[in-house]
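Spelled out, the chains give:
4 protein chains.
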Amino acid sequence: MGRSAFFALVLALALAVCVAPVERKCLLSGSWRSDTSCRMVVSTLDKDNRFSGFYLPGPAAGYSELLTSPLEGSQQDTELVPQPTFSFTVNWRLQDSETARTSVFLGQCYVDPKGEETLHALWLLREAADSPAEDWKGTRIGTSTFTRIK
Amino acid sequence: MGRSAFFALVLALALAVCVAPVERKCLLSGSWRSDTSCRMVVSTLDKDNRFSGFYLPGPAAGYSELLTSPLEGSQQDTELVPQPTFSFTVNWRLQDSETARTSVFLGQCYVDPKGEETLHALWLLREAADSPAEDWKGTRIGTSTFTRIK
Amino acid sequence: MGRSAFFALVLALALAVCVAPVERKCLLSGSWRSDTSCRMVVSTLDKDNRFSGFYLPGPAAGYSELLTSPLEGSQQDTELVPQPTFSFTVNWRLQDSETARTSVFLGQCYVDPKGEETLHALWLLREAADSPAEDWKGTRIGTSTFTRIK
Amino acid sequence: MGRSAFFALVLALALAVCVAPVERKCLLSGSWRSDTSCRMVVSTLDKDNRFSGFYLPGPAAGYSELLTSPLEGSQQDTELVPQPTFSFTVNWRLQDSETARTSVFLGQCYVDPKGEETLHALWLLREAADSPAEDWKGTRIGTSTFTRIK
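Protein chains in written order, with our numbering: chain H, 6 to 155; chain Y, 6 to 155; chain B, 6 to 155; chain A, 6 to 155.
It is worth saying that the hints were derived from the structure and are not from the lab. Fair warning: there could be bad hints in the mix.
It does not matter which identical chain is used: a pair holds within one copy or between any two.
[What the hints assert, rightly or not] When the alpha-carbon atoms are kept at most 25 Å apart in a straight line, the in silico SDA-like pairs for lysine to any residue are as follows:
(1) K52 - R98
(2) K142 - R98
(3) K155 - R106
(4) K52 - T41
(5) K142 - E122
(6) K30 - A105
(7) K155 - C43
(8) K155 - G35
(9) K119 - E139
(10) K155 - L32
Quantities reported herein were computed from a predicted structural model and do not represent experimental measurements.
Same shape as in the complex, but just chain H (with noise of 0.2 Å):
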């Protein structure tokens, strides 16, 4: 390649990036820190955007007897959206609990217009109930944003 080729090929790349739109894509893969401080890692995805992790208790969380708990999958395609849903079950556990826990997240990636993701969540929490006369109080319901850790 000619010198002059070179520059032309440099010129082209550097004007690919400047003009660009912002095409950063909203994907679950890395670390996430919640509101509450906790924190989520997440896989990179599979060919059928199924992902798996953990959840690690944070501080304060109130629920001290936390252990780190896998999570497992999926969001929408990135191809086809750009900030896509997602749900996600975690089965917890716990220390010197008999008592299975697990909650479903089920939310949507937001992508700010300086590339920033956000990830808005609602969740259930069920404890095993014994009987249906107990069923009624085994739900909690809340809310959770996560922020990339970087």
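With chain H's structure known, arrange chains Y, B and A on it following the hints.
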């Protein structure tokens, strides 16, 4: 074996059958009907208690554009608990709709003394929003009860 | 009026009664039983469609320490809609408990073709938290269905 | 009063101010701004800790047809608890809409060490349905946080 010994054995077996607790296990595999007349077909469980399946709209569901939609989930191990909790996600397929809708169900399977299984679940249903400012109105909530179709 | 005219009138009236739609209005006033065997007694409505009353725990409610607890709420005007929405708040009175618990119910009253009324409601139940860090786990959710006690 | 007595008084008052615990009580009375930029104006409390007021839509709420809507509710007695729970109902007034929409908010007021009050609430929003078969999709859910407008 003498005649009286034989009768003693039969009697022992008969008593064992009568006295044995109902050991019916709650597995999500099979066909279910919801209290809103929808149907759900769930695969056999894999070794990690995961399942997949389909959700079929009922006649009067109100969302007439609903198509048969895939679901994925998992349940607690019935070796450990007789009335397992479960969770699954439905990615709704809709006629003539560009907006993604996803539901998460979180519930528990109960068995009554006759061995009849009932699924009690709470669900969240999210419609994708265009921006965080529209996010607040994107999530509906409700309950579903399912009984097995025999 | 001649005899045949008289009979024609009687016939017309009889037909009117038969054909007339069931005009039973959904009022919350009265006694109700929930699907968890709790009872609820609601006062007559004041001119602004407000009511007060009491919620009485059932035999198997799981919160054995529940006492009869006061409720306050309002419903839509049945002059405007035949199947009004309603909301009410219950401030739970508990034996041996210092922690405040409050529920809000939000629902709708439906009348079937026979004039039977059913209340469908979703509720939130909040337990006071010590700090914002504990707030996330303070709210439970569920549904209740009520039928009138005659 | 002599000069030294005067200084002693000033010193005593200054110490009193410094040493006094922050006795700021959480009252809902006043003006609040939600995290979705809506405003809420709440009356002074009556002797039973009841209040009324108005909810004013924000610029970007997504329901552009919202009008100023009346609210009614009550809170726990601040003589008994420093961080009271509260509940209120909003009957939404909408332009060009015949369908009733009602929200219930259930939350708690928290005071930080600087005396800043924040309201954390979960809400349900119900749209009237035509029949029980349509009831399942009538209720939305979410959270709101309010800070005082000074």
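- Are there hints from earlier that the structure breaks, and if so, what are their numbers? 3 and 4
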